[in-house]
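*Asks:* Each chain is listed here by its residues.
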Amino acid sequence: MAIDGGRALIRALEMEGVEVIFGLPGGAILPVYDPIIDSPIRHILVRHEQGAGHMAEGFAHATGRPGVCMVTSGPAATNVVTPLCDAYMDSVPMVCITGQVPFSAIGTDAFQECDTVGITRSVTKHNELITEAQEIPLMVRQAFHLATTGRPGPVLLDVPKDIVDPKNPRSQMEWYWPSDDEVAASLPGYRPTTKGHPKMVRQAAELILSSRRPVIYAGGGILKARAAEALRELAELCDIHVVTTLMARGAFPDDHRLALGMPGMHGNYTSVTSMQQSDLLIALGSRFDDRVTGKVDGFAPDAKIIHVDIDPAELGKVRRPDVPIVGDCRLVIEELVRAVRDLLDGGAEFPDRLVWKQTISGWQERFPLTYQQSEPGEALKPQYVLERLRDATPDDTIVASGVGQHQMWTSQYWKFNHPYTWVNSGGLGTMGFSVPAAIGAKVGRPDRMVWAVDGDGCFQMTAQELVTATSERIPIKVAILNNAYLGMVRQWQEMFYDERYSEVYLSPDLPDYKLWAESMGCVGMRVESPEEVDAAIQKANEIDDRPVVIDFRTDAREKVYPMVPSGLSNDQIVTDPSQGEGGH
Amino acid sequence: MALPGTDARHHTLVVLVENKAGVLARVSGLFARRGFNIFSLAVAPTEDERFSRITIVVDVASSPLEQITKQLYKLINVVKISELDPRDSVERELMLVTLRADISARSQVIELVNLFEGRVVDVGHDELTVSLDGEPDRLDDLEGLLRPFGIVELQRTGRVALPKLERTAPTLRPVRRTA
Chain A
1 MAIDGGRALI RALEMEGVEV IFGLPGGAIL PVYDPIIDSP IRHILVRHEQ
51 GAGHMAEGFA HATGRPGVCM VTSGPAATNV VTPLCDAYMD SVPMVCITGQ
101 VPFSAIGTDA FQECDTVGIT RSVTKHNELI TEAQEIPLMV RQAFHLATTG
151 RPGPVLLDVP KDIVDPKNPR SQMEWYWPSD DEVAASLPGY RPTTKGHPKM
201 VRQAAELILS SRRPVIYAGG GILKARAAEA LRELAELCDI HVVTTLMARG
251 AFPDDHRLAL GMPGMHGNYT SVTSMQQSDL LIALGSRFDD RVTGKVDGFA
301 PDAKIIHVDI DPAELGKVRR PDVPIVGDCR LVIEELVRAV RDLLDGGAEF
351 PDRLVWKQTI SGWQERFPLT YQQSEPGEAL KPQYVLERLR DATPDDTIVA
401 SGVGQHQMWT SQYWKFNHPY TWVNSGGLGT MGFSVPAAIG AKVGRPDRMV
451 WAVDGDGCFQ MTAQELVTAT SERIPIKVAI LNNAYLGMVR QWQEMFYDER
501 YSEVYLSPDL PDYKLWAESM GCVGMRVESP EEVDAAIQKA NEIDDRPVVI
551 DFRTDAREKV YPMVPSGLSN DQIVTDPSQG EGGH
Chain B
1 MALPGTDARH HTLVVLVENK AGVLARVSGL FARRGFNIFS LAVAPTEDER
51 FSRITIVVDV ASSPLEQITK QLYKLINVVK ISELDPRDSV ERELMLVTLR
101 ADISARSQVI ELVNLFEGRV VDVGHDELTV SLDGEPDRLD DLEGLLRPFG
151 IVELQRTGRV ALPKLERTAP TLRPVRRTA
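Residue numbers (the working numbering), protein chains in the order written: chain A, 1 to 584; chain B, 1 to 179.
Be aware that one or more of the hints could be misleading.
[As the list claims (entries may be wrong)] Label pairs and their computed distance ranges (CB to CB): (1) Arg33/B <-> Pro351/A: 41 to 47 Å; (2) Leu568/A <-> Asn37/B: 28 to 34 Å; (3) Leu96/B <-> Ala2/A: 50 to 56 Å.
[What the hints assert, rightly or not] Straight-line C-alpha distance at most 27 Å; calculated DSS-like pairs for lysine-lysine: (4) Lys195/A <-> Lys80/B; (5) Lys317/A <-> Lys80/B; (6) Lys195/A <-> Lys74/B; (7) Lys295/A <-> Lys199/A; (8) Lys199/A <-> Lys74/B; (9) Lys317/A <-> Lys74/B; (10) Lys317/A <-> Lys304/A.
[To be verified] What the simulated footprint calls covered on chain A by chain B, stretch by stretch (three residues with Cβ under 8 Å from a Cβ of chain B suffice, anywhere in the stretch; the number is not a length): (11) 117-128; (12) 180-190; (13) 311-318.
Derived from the structure by calculation, the hints contain no laboratory data.
We put the CB at the ideal spot given by N, CA and C, even for glycine.
Take these sequences, add in the hints, and give me the full structure.
*Replies:* And the structure:
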């Protein structure tokens, strides 16, 4: 069947099962936007291309399916660099299509030309400049295959205008749809290992059976591999506590008796300290990020390491594992469960871990997450807002956050009892992530309530996407924890720069967030005291026909605790001042 | 800078890649991005036109080397990586040197070049261009001996390498994908 490249591209996306594209048209991508009119694929017109990228990420976080964004060449392509890098750091499956100037004009500094493939090379799992219309179906199949298998990540296809423009003879091609085998054969260097090495799995099982102070260190790979169920089975079978990293919140239910919550720089005391004092860390889809380990030399000094990851480069990158296992987290954990069962059936027994369990529960009792509730007339505490919001929303509510203090408080105070309910920017730490990511999540999961918890600094970076949300009828809810500061930077300046505040003050009411929200078609509210919190949340929860923004005016002096100051060992964790000195 | 082949920190990686536009940029970009230094690099198509072979000499200790190979394997267009041990491989490099050699010095230069089984490939009024191919160490030696005459220009290719043919165990040490 004769077809032009533009139609072939849209058709290929349909064949891949794409339901929604987040994008914004422009000169070079124009011919691909024409067939969109006749396609069942929903297109969501963003107000800035960065929004398209983060929406695609939010969609992928919430659904596990690849997010798709499409933008034009030049400045549009450079505007998606941030979301691409964000998706690369957090292993988010995403396919990005960028327009490019006609092939004959490449290299001439044509209008809106940039070296998209060159610019995005180090922030994508793979990228390609498509040179012939005939390559389009294969390239699209490759892109989705690469984005979703192995360690997931963003893949970019750069599409010159001439090969998609039906008026150009270079766009004429014969339609075909490559088979799985043809796709595999076209990628001779790509063979991800998914099954764990049986010998290594057995060694891991033996280590688990001999350890007295084991901790499971669950990372985002659990969610990517859809291994939450398997993780739970392993934890319960072996009766081992689980920490869930910032990227893994929801991978293990916070209300489970074995859940320890978040480790790391702002992790809770028990989570951080149990890892420090463990004799075995079972790292599953986690990558020993510096925000988790603190000073690497001082991290979990007595622990042997079992490290499971689908990316071989993660094994030994930071800490050399005693038992490295390359493979898909779900498959390896299932194999590990079988191996442990075999050993138990053979008469092996777990050592007595009573003392360890008592130690852990002692820490939990002595050092819970805490903050000082405000006195009447004092400013609202952000943690209080989060507690009320958490308790007033359904258990499976999806929460998206930006980056900074509000992100840490959300991760700390929310109870994540279901996988795929937490959408955030972990590795790159992209301010402005939450509003567009929440929109993408809501598009992917319209059945769920979606709240964006944002900071005032973050909100100002991408708030215009609420116009997209209103016009596309995507009723997300936004809680701005407005402390009038770049709060995390302020916290560091207070603690580490002698309270010399440099360029961190924003203003509580410039812009006026309520009016701004209303001007974008949202319901806007402002909350200044604890008594108003519940009513505002209830009102927001009842609105389902447009976005809602609540401007919570919160205490600017509030700091995120516990904290392991940057560069120090996790033994030097600082708990909330009200708890006195830490345990060491 | 240590002489090639004399420093244990030098490793030769032979990287088989798909013969496609932009692959060299991906490989060299990865070295830059991860902060690894390339000592020398040679690229050419192989006997199979679908693939090219990149011979890279890197300047690292063995632990970062493992990380380099793992990161290289993550490039979709990289098909296979082998680390060649200099003791078990045949390494060659080509050097072209133009040097000052007036009438009085010319015969000494030619004598040296002959000793090394190199060749004079161009003769000017008071300059000579000589070529030498061989093991990188030998090129270093000749370069050192020619230097006092006055080197005008010098160009080396970067080394290419293949495993030695031996009766016993294979000399190619595959860097496995799995850890």
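*Asks:* Of the hints given before, which are not true for this structure?
*Replies:* 7
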